[in-house]
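J.: Read top to bottom, the protein sequences are chains A and B.
Numbering of the first sequence is given in our numbering, commencing with residue 1 and proceeding in unit increments.
Numbering of the second sequence is given in our numbering, commencing with residue 1 and proceeding in unit increments.
In case anyone wonders, no lab produced these hints; they're calculated from the structure.
Careful, some of the hints might be misleading.
Each computed DSBU-like pair below joins lysine-lysine, with the alpha-carbon atoms no more than 30 angstroms apart [as the list claims (entries may be wrong)]: (1) B:Lys111 <-> B:Lys166; (2) A:Lys125 <-> B:Lys166; (3) B:Lys125 <-> A:Lys239; (4) A:Lys97 <-> A:Lys235; (5) A:Lys239 <-> A:Lys273; (6) A:Lys97 <-> B:Lys97; (7) A:Lys259 <-> B:Lys8; (8) A:Lys235 <-> B:Lys97; (9) B:Lys125 <-> A:Lys235; (10) B:Lys111 <-> A:Lys239; (11) B:Lys273 <-> A:Lys235; (12) A:Lys235 <-> B:Lys8; (13) A:Lys239 <-> B:Lys166; (14) A:Lys166 <-> A:Lys239; (15) B:Lys166 <-> B:Lys363; (16) B:Lys235 <-> A:Lys111; (17) B:Lys239 <-> A:Lys125; (18) B:Lys8 <-> A:Lys97; (19) B:Lys239 <-> A:Lys311; (20) A:Lys8 <-> A:Lys363; (21) B:Lys311 <-> B:Lys273.
2 protein chains.
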Amino acid sequence: MSTDVSVKRVFNFSAGPAALPLSVLQEIQRDMIALPGVGASILEISHRSSAFVEIIEDARNRLVNLLGIPDTHEVVFMQGGARLQNAMIPANFLTSKDETADYVVTGNWGKNSAAEVPFYGVLNKAFDGAEGSFTRLPEAADLQFSDNAGYIHFTSNETIHGLQFKQAPANGDVPLVCDASSDFLSRPVNISEYGMIYACAQKNAGTAGVTVCIISKELLERCGDRNPSYLDYAKVAAKDSMLNTPPTFSIYVTGLVCKWLQEEVGGLEAIEKMNSDKARLLYDVVDESGGFYVVHAANPEHRSVMNVVFKMATPELDRKFLDEAAAENLTTLGGHRSIGGIRASIYNAMPREGVEALAGFMKDFAAANG
Amino acid sequence: MSTDVSVKRVFNFSAGPAALPLSVLQEIQRDMIALPGVGASILEISHRSSAFVEIIEDARNRLVNLLGIPDTHEVVFMQGGARLQNAMIPANFLTSKDETADYVVTGNWGKNSAAEVPFYGVLNKAFDGAEGSFTRLPEAADLQFSDNAGYIHFTSNETIHGLQFKQAPANGDVPLVCDASSDFLSRPVNISEYGMIYACAQKNAGTAGVTVCIISKELLERCGDRNPSYLDYAKVAAKDSMLNTPPTFSIYVTGLVCKWLQEEVGGLEAIEKMNSDKARLLYDVVDESGGFYVVHAANPEHRSVMNVVFKMATPELDRKFLDEAAAENLTTLGGHRSIGGIRASIYNAMPREGVEALAGFMKDFAAANG
Numbered sequence: 001m002s003t004d005v006s007v008k009r010v011f012n013f014s015a016g017p018a019a020l021p022l023s024v025l026q027e028i029q030r031d032m033i034a035l036p037g038v039g040a041s042i043l044e045i046s047h048r049s050s051a052f053v054e055i056i057e058d059a060r061n062r063l064v065n066l067l068g069i070p071d072t073h074e075v076v077f078m079q080g081g082a083r084l085q086n087a088m089i090p091a092n093f094l095t096s097k098d099e100t101a102d103y104v105v106t107g108n109w110g111k112n113s114a115a116e117v118p119f120y121g122v123l124n125k126a127f128d129g130a131e132g133s134f135t136r137l138p139e140a141a142d143l144q145f146s147d148n149a150g151y152i153h154f155t156s157n158e159t160i161h162g163l164q165f166k167q168a169p170a171n172g173d174v175p176l177v178c179d180a181s182s183d184f185l186s187r188p189v190n191i192s193e194y195g196m197i198y199a200c201a202q203k204n205a206g207t208a209g210v211t212v213c214i215i216s217k218e219l220l221e222r223c224g225d226r227n228p229s230y231l232d233y234a235k236v237a238a239k240d241s242m243l244n245t246p247p248t249f250s251i252y253v254t255g256l257v258c259k260w261l262q263e264e265v266g267g268l269e270a271i272e273k274m275n276s277d278k279a280r281l282l283y284d285v286v287d288e289s290g291g292f293y294v295v296h297a298a299n300p301e302h303r304s305v306m307n308v309v310f311k312m313a314t315p316e317l318d319r320k321f322l323d324e325a326a327a328e329n330l331t332t333l334g335g336h337r338s339i340g341g342i343r344a345s346i347y348n349a350m351p352r353e354g355v356e357a358l359a360g361f362m363k364d365f366a367a368a369n370g
Numbered sequence: 001m002s003t004d005v006s007v008k009r010v011f012n013f014s015a016g017p018a019a020l021p022l023s024v025l026q027e028i029q030r031d032m033i034a035l036p037g038v039g040a041s042i043l044e045i046s047h048r049s050s051a052f053v054e055i056i057e058d059a060r061n062r063l064v065n066l067l068g069i070p071d072t073h074e075v076v077f078m079q080g081g082a083r084l085q086n087a088m089i090p091a092n093f094l095t096s097k098d099e100t101a102d103y104v105v106t107g108n109w110g111k112n113s114a115a116e117v118p119f120y121g122v123l124n125k126a127f128d129g130a131e132g133s134f135t136r137l138p139e140a141a142d143l144q145f146s147d148n149a150g151y152i153h154f155t156s157n158e159t160i161h162g163l164q165f166k167q168a169p170a171n172g173d174v175p176l177v178c179d180a181s182s183d184f185l186s187r188p189v190n191i192s193e194y195g196m197i198y199a200c201a202q203k204n205a206g207t208a209g210v211t212v213c214i215i216s217k218e219l220l221e222r223c224g225d226r227n228p229s230y231l232d233y234a235k236v237a238a239k240d241s242m243l244n245t246p247p248t249f250s251i252y253v254t255g256l257v258c259k260w261l262q263e264e265v266g267g268l269e270a271i272e273k274m275n276s277d278k279a280r281l282l283y284d285v286v287d288e289s290g291g292f293y294v295v296h297a298a299n300p301e302h303r304s305v306m307n308v309v310f311k312m313a314t315p316e317l318d319r320k321f322l323d324e325a326a327a328e329n330l331t332t333l334g335g336h337r338s339i340g341g342i343r344a345s346i347y348n349a350m351p352r353e354g355v356e357a358l359a360g361f362m363k364d365f366a367a368a369n370g
């Protein structure tokens with residue numbers, strides 16, 4: 001079968017769903033009518049078929065290998081996005097009314113996560129960055145943990161405000177639960193330090209429709225029998241994510257993205273270096289612009305490697321920037337509607353040449369309008 | 001771009017995920033690298049982009065047109081399969097402890113649906129076919145409805161046991177909630193008679209990852225504010241199914257399947273006739289086999305048009321049947337592990353020639369082994 005890749009493609013800086021590696025798209029396209037040796041499309045095969053069982057096990061094994069996931073943790077594929085996890089986490093991990101859930105809120109996504117807790121238990125905002133318009137991460141002294149926390153929740157990277165933790169906000173051995181939706185698989189991570197890490201796939205790990213949850217067996221024991229089947233992590237984990245029909249195609253794409261990371265990129269240390277280099281290209285232009293571009297994050301240490309968020313002096317300039325960028329095939333650069341400005345999401349699959357093109361455009365734009 | 005359709009394809013009788021129309025697979029393949037005029041794949045575009053908003057609105061409009069959905073009802077695209085709906089239905093529609101939920105249980109799927117009710121309220125099994133090994137649907141006199149039912153739930157087609165309602169088991173104006181996962185879009189339906197109809201897409205309406213929910217505004221008003229955001233139908237409906245990132249690709253596929261139904265098949269009356277004709281081909285072979293093939297449904301009136309479930313005198317014969325059928329590219333014909341035997345799922349996308357091939361094989365097999 002031949003695939004035509006001369007189709008015009010833009011540099012897509014979408015915050016998510018976001019760009020995928022071209023080689024992954026090509027493999028999906030090649031096998032869309034029938035998987036090799038199967039005679040039916042990935043969209044048509046039973047989740048109980050040996051062909052699909054091989055696909056989901058392959059995706060799981062590749063995640064285990066890439067992240068070095070230890071035997072103490074299970075990989076569970078869920079639907080419903082991070083949003084459903086936000087409800088399931090307190091529903092499953094708060095076991096009594098005497099426990100609180102400590103949330104470190106550094107942006108909109110953390111705020112949304114915290115908002116689901118009161119349906120199930122007691123919320124303590126250990127830090128609330130809303131008071132500073134989400135321009136900074138907490139210092140150790142800012143964190144007001146409770147004495148009886150069942151877990152600590154934080155968002156490793158906030159896409160809207162462009163803030164990213166380099167180190168988790170821990171408190172002794174209270175289990176850490178991390179929404180890593182927007183920097184999962186962008187760098188190595190020590191899974192042992194976490195009770196749970198979860199990530200919707202549509203940034204770095206595939207396409208929308210599946211959320212990867214890595215959960216410690218210790219936390220799985222807390223699930224009890226308090227929730228309906230699909231809303232109980234232990235019940236879904238016990239069935240190897242096949243309690244019901246899983247999102248077969250999205251899991252297939254996640255497997256292909258992991259294969260790309262392993263075989264074409266060379267693993268998470270390699271992608272981390274590539275991502276840091278890409279981010280530096282853009283932040284350097286900002287820092288050398290003499291104040292023409294202003295980053296949302298107040299402290300350079302807190303800047304996200306995934307989402308470079310900045311603005312210019314006026315909304316009119318931002319608008320002009322977006323229009324002229326789009327004319328050069330640099331698309332989806334608008335900031336989130338809640339804060340405006342510019343947001344360049346440069347996840348794993350954004351090639352360096354896309355970032356170089358944007359950096360060049362930014363220099364020219366600053367020179368012409370500064 | 002050229003697509004090669006000479007790839008070997010089998011006749012896939014999977015109960016779900018199930019066969020898709022070849023023309024749908026070809027369109028997905030053609031546009032996988034970049035949607036026309038967009039420059040990025042359907043897997044990569046933001047759900048907030050105008051390109052995707054057009055796709056989700058198109059899918060919704062096609063469903064409205066095909067089914068004649070009135071203004072009194074909303075179309076909501078959810079994740080988590082029918083299994084998550086089973087939890088959300090009592091969570092949203094039981095508003096007080098004085099209400100019961102009446103469940104008409106005619107197979108495994110109805111049993112699973114009923115099992116989630118006690119997490120939220122009082123369950124009344126108005127009929128429980130388990131006592132008769134799910135070989136029949138209830139007569140009117142069998143139905144033990146309660147006086148204070150918040151809603152009645154039933155499963156229009158049970159895939160494992162091959163039983164299908166021709167008419168809903170109603171009780172005055174108590175809202176009817178129907179799990180139509182396995183016969184949705186296979187025939188016309190009067191939506192006005194239902195409080196809610198829901199269907200996971202992977203049988204007749206697309207691929208795994210999206211569940212279509214058609215809900216009356218009257219039922220939506222019952223949701224209150226008792227559930228977290230993603231688990232509250234009213235909150236998701238208020239955001240046009242974009243409370244968070246929806247399963248973009250699966251919704252795109254559902255839209256393409258609806259387009260196929262409209263433009264290539266000619267609507268739901270046309271597909272109903274095609275489906276009846278296909279089912280008759282197989283049931284005729286069974287009825288003319290002199291008892292060699294025995295249908296699970298005791299009453300011919302209850303036989304499913306979607307899943308033809310039967311067995312032979314011994315499990316060894318069933319096994320031989322499956323092996324010899326597979327050798328003729330008639331695949332995935334094994335009955336569900338809970339009852340064994342043979343199951344031919346002949347959803348919308350199974351072409352008549354596949355059913356003719358199976359009917360021919362069945363005749364030959366009976367002649368050789370009868």
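J.: Decide, hint by hint, whether the structure agrees.
T.: Hints, one by one, checked against the model:
With a CA separation close to 20 angstroms, the supplied pair B:Lys111 and B:Lys166 stays within the 30 angstroms bound. For the proposed pair A:Lys125 and B:Lys166, the alpha carbon gap of about 54 angstroms is over 30 angstroms, so the pair is violated. For the hint linking B:Lys125 to A:Lys239, the alpha-carbon distance of about 27 angstroms falls within 30 angstroms, and the restraint holds. Restraint check: the Cα-Cα separation between A:Lys97 and A:Lys235 comes to about 23 angstroms, which is no more than 30 angstroms; the hinted pair holds.
At most 30 angstroms may separate the alpha-carbon atoms for a hinted pair to count; A:Lys239 and A:Lys273 exceed this at roughly 37 angstroms. For the hint pairing A:Lys97 with B:Lys97, the CA-to-CA distance comes to about 22 angstroms; that is within 30 angstroms, so the pair holds. This hinted pair checks out: A:Lys259 and B:Lys8 have alpha carbons roughly 26 angstroms apart, not beyond 30 angstroms. Distance restraint check for A:Lys235 and B:Lys97: the Cα-Cα separation of roughly 27 angstroms lies within the 30 angstroms cut-off, and the hinted pair is therefore satisfied.
About 24 angstroms separates the Cα atoms of B:Lys125 and A:Lys235, which keeps this hinted pair within 30 angstroms; it holds. The straight-line distance between the Cα atoms of B:Lys111 and A:Lys239 is roughly 18 angstroms, inside the 30 angstroms bound, and the hint therefore holds. With a C-alpha separation of about 41 angstroms, the suggested pair B:Lys273 and A:Lys235 falls outside the 30 angstroms cut-off, and the hint is violated. The hinted pair formed by A:Lys235 and B:Lys8 fails the criterion: a straight-line CA distance of about 38 angstroms is larger than 30 angstroms.
Restraint check for A:Lys239 and B:Lys166: not satisfied, since their Cα atoms lie roughly 34 angstroms apart, outside the 30 angstroms limit. Between A:Lys166 and A:Lys239, the direct Cα distance comes to roughly 34 angstroms. Violation of the 30 angstroms bound is thereby established for this hinted pair. In summary, the hint linking B:Lys166 to B:Lys363 is supported, as the alpha carbons are separated by about 28 angstroms, within the 30 angstroms threshold. Of the pairs offered as hints, the one joining B:Lys235 and A:Lys111 holds, with about 17 angstroms between alpha carbons and a cut-off of 30 angstroms not exceeded.
With a CA separation close to 27 angstroms, the supplied pair B:Lys239 and A:Lys125 stays within the 30 angstroms bound. Proximity of B:Lys8 to A:Lys97 is assessed by CA-CA distance (about 59 angstroms); at most 30 angstroms being required, the pair is judged violated. Under the criterion of a C-alpha separation no larger than 30 angstroms, the hint pairing B:Lys239 with A:Lys311 is consistent with the structure, at around 28 angstroms. Between the alpha carbons of A:Lys8 and A:Lys363 the distance comes to roughly 25 angstroms, so the proposed pair stays at or under 30 angstroms and holds.
The straight-line distance between the Cα atoms of B:Lys311 and B:Lys273 is roughly 26 angstroms, inside the 30 angstroms bound, and the hint therefore holds.
Hint violations for this structure: numbers 2, 5, 11, 12, 13, 14 and 18, all remaining hints satisfied.
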